[in-house]
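Following the hints, complete the assembly by docking chain B onto the known chain A.
2 protein chains.
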Amino acid sequence: MLEDVVRKGRLLDLYGPLLTEKQRRCMEMYFDMDLSLSEIGEELHISRQGAYDMLKRASHSLENYEQRLHLLARYDAVRDKIDEVERLLDREEPQTLERAKQLLHEIEL
Amino acid sequence: MLEDVVRKGRLLDLYGPLLTEKQRRCMEMYFDMDLSLSEIGEELHISRQGAYDMLKRASHSLENYEQRLHLLARYDAVRDKIDEVERLLDREEPQTLERAKQLLHEIEL
Chain A
57 MLEDVVRKGR LLDLYGPLLT EKQRRCMEMY FDMDLSLSEI GEELHISRQG
107 AYDMLKRASH SLENYEQRLH LLARYDAVRD KIDEVERLLD REEPQTLERA
157 KQLLHEIEL
Chain B
57 MLEDVVRKGR LLDLYGPLLT EKQRRCMEMY FDMDLSLSEI GEELHISRQG
107 AYDMLKRASH SLENYEQRLH LLARYDAVRD KIDEVERLLD REEPQTLERA
157 KQLLHEIEL
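Sequence lines, in order, name chains A and B. Going by the working numbering, the residue at position 77 of the first sequence is 133; the numbering climbs one at a time, nothing skipped. Going by the working numbering, the residue at position 3 of the second sequence is 59; the numbering climbs one at a time, nothing skipped.
Here chain A stands alone, though its shape is the one from the complex (with noise of 0.2 Å):
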């Protein structure tokens, strides 16, 4: 549950409103703020065991809305193809125009 650091991060910005507010907090402590689980307990007033049953529990929220709605694969999706216009905009040659053309005509939202 603890590893992969960036990507909970990215889910919980992605989905965090869906969280409950006591579940959001937590994660933002133990993933923003990087505080320990017996810090998070005293600031949520449970236990340490409670802060980390609670860590993962909202961590299976996250994990289970981007299974759902596949944000984070479909952003990174578009951020791919909106670099790479970017990069063949940058060379100015009329080839590369229209293949930036085309990148953005395939972008789905």
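Quick caveat, the hints were computed from the structure, so don't treat them as lab data. Please note that the accuracy of each hint is not assured.
Which copy is meant is left open, because identical chains are indistinguishable; a pair holds if it fits in one copy or across any two.
[To be verified] As a list, the in silico EDC-like pairs of lysine to aspartate or glutamate whose alpha-carbon atoms are at most 20 Å apart:
| id | residue 1 | residue 2 |
| --- | --- | --- |
| 1 | 64 | 164 |
| 2 | 64 | 88 |
| 3 | 157 | 136 |
| 4 | 64 | 109 |
| 5 | 78 | 88 |
| 6 | 78 | 90 |
| 7 | 137 | 149 |
| 8 | 157 | 142 |
Only chain B this time, still in chain A's reference frame:
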């Protein structure tokens, strides 16, 4: 509830996977397949009033998800920028190319 069919259809595309199976089917029959409340009731073995209530609750859920995640609003904003970039690239002038790059750079996902 029944107005704004286009908006509801788009919300259903975005958040449909978060509804229950029955709610999703109900919404699809009403908004995509254009069935009447009586027909939906028959399909789902519930009353016409039951179909109406289910549509209303599902519709409320979709609006609630949008209120939390703002995907529709965010996608519209990104779509507008991409459309503008496409128009700028079609003009193929140096100054529009710079503006196109700037717009792409502003896109947040």
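(message) My question is about residue 78 and residue 90: at a cut-off of 20 Å on alpha-carbon distance, are they close within one copy, between copies, both, or neither?
(response) Answer is within: at 16 Å inside a copy they meet the 20 Å cutoff, but 41 Å across does not.
(request) First find the shortest C-alpha distance between residue 137 and residue 149 inside one copy, then the shortest across copies, and answer within, between, both or neither for a cut-off of 20 Å. (result) For residue 137 and residue 149, only the intra-copy Cα distance (18 Å) is at most 20 Å; the inter-copy one is 22 Å.
(message) Please sort residue 157 with residue 136 into within, between, both or neither, judging by C-alpha distance up to 20 Å.
(response) Cα proximity of residue 157 and residue 136: in one copy and across copies (14 Å, 15 Å).
(request) Give the relationship of residue 78 and residue 88 under a CA distance limit of 20 Å: within one copy only, between copies only, both, or neither. (result) Intra 15 Å, inter 38 Å, cutoff 20 Å: intra-copy only.
(request) Measure nothing new, just compare the shortest in-copy and cross-copy C-alpha distances for residue 157 and residue 142 to 20 Å and report within, between, both or neither. (result) both (11 Å within a copy, 6 Å between copies)
(message) Within, between, both or neither: how does the pair residue 64, residue 109 come out at a Cα-Cα threshold of 20 Å?
(response) Within one copy only: 16 Å inside, 37 Å across.
(request) At 20 Å max between alpha carbons, let me know whether residue 64 reaches residue 88 within a copy, between copies, both or neither. (result) within (10 Å within a copy, 35 Å between copies)
(request) Since the copies are identical, ignore which copy is meant and state whether residue 64 and residue 164 lie within 20 Å (CA to CA) inside a copy, between copies, both or neither. (result) Answer is between; shortest inter-copy Cα gap is 19 Å, intra-copy 24 Å.
Comparing the model with each earlier hint shows no violations; every hint is respected.
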